[in-house]
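Chain by chain, the residues:
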Amino acid sequence: MPDFDVVSLPETEHVAEGDVAPDFTRPLVNEEYWEDAALDDAVDGPTLLVFHPMDGAFQATYLYNTIDDHGWADDLDVLGLSISSPYAHKRLLAERGEGVRIFSDPSAGVIEEYGLAHDIDGMTGVTETRPAVFLLDGDRAVEYAWVASEHPEFPDAEEIDDAVGRLVD
Amino acid sequence: MTEPQITLYRLQACPYCERVVRTLSRFGLEYESRYVEPMHSERNAVKRVSGARSVPAIVDRETGVTMSESANIVEYLEGTYGEGGS
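The listed protein sequences correspond, in order, to chains A and B.
Numbering-wise (this note's numbering), the first sequence opens with residue -16 and increments by one.
Numbering-wise (this note's numbering), the second sequence opens with residue 6 and increments by one.
It is worth saying that the hints were derived from the structure and are not from the lab.
All values derive from a computational prediction rather than experimental measurement.
Here are the simulated DMTMM-like pairs of lysine to aspartate or glutamate, each with C-alpha atoms no more than 20 Å apart in a straight line:
| # | chain 1 | residue 1 | chain 2 | residue 2 |
| --- | --- | --- | --- | --- |
| 1 | B | Lys52 | B | Glu37 |
| 2 | B | Lys52 | A | Glu14 |
| 3 | B | Lys52 | B | Glu74 |
| 4 | B | Lys52 | A | Glu18 |
| 5 | B | Lys52 | B | Glu42 |
| 6 | B | Lys52 | B | Asp65 |
| 7 | B | Lys52 | A | Glu15 |
When you get a sec, could you build the whole thing from the sequences and use the hints?
What follows is the structure, encoded as structure tokens:
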């Protein structure tokens, strides 16, 4: 019997394979500045869209380490999204996530729309995202989707490698 | 989405930047905002386009003009897009 608790998350109607990823506009942060960007404009080829818990949470750090270790940003566009501010995103990008750009969604409006909202016990008023990874083609069609069903849970990087390999030659 | 004519490099809550924004709005000019960090050393993106790290700075693709300093920018906008401007 483990002496820690992995919490199962309730079922959710989230964006899934076969859907078109809903368009949205949020500040998009790169290593140097941020500006409003529509997902539709940011996606002009195969794109990995990664929803992650707020910058600084170990889950976010692990996800960016995985992105860097697997070199996904060399193979396709990688776009992150969290509720953290553009300032926090810039600090994150100074340390990891080479070549990644990150949307800032403090109101969690995009997170809600994607069916990923997650309340964190003891952080009243904060709506978090479940970790989620969507592989999009150039028309925002979802070719592969993974959404956490436990807290915490991490995506299967090999599975994403395979999905990326199928979409990008 | 077509790219707006003007890119404005700005800092959140910077009064000099707001002055430029007011002038852009007055002439109904389309612009996109690029926000940079308060720390000067963090503003290489601005330096690359304008030669200086100060904000506000604008890039006007219509005229090919890139410019820093709010007073200069306002004067330029008034001269180019204001009444009696070229």
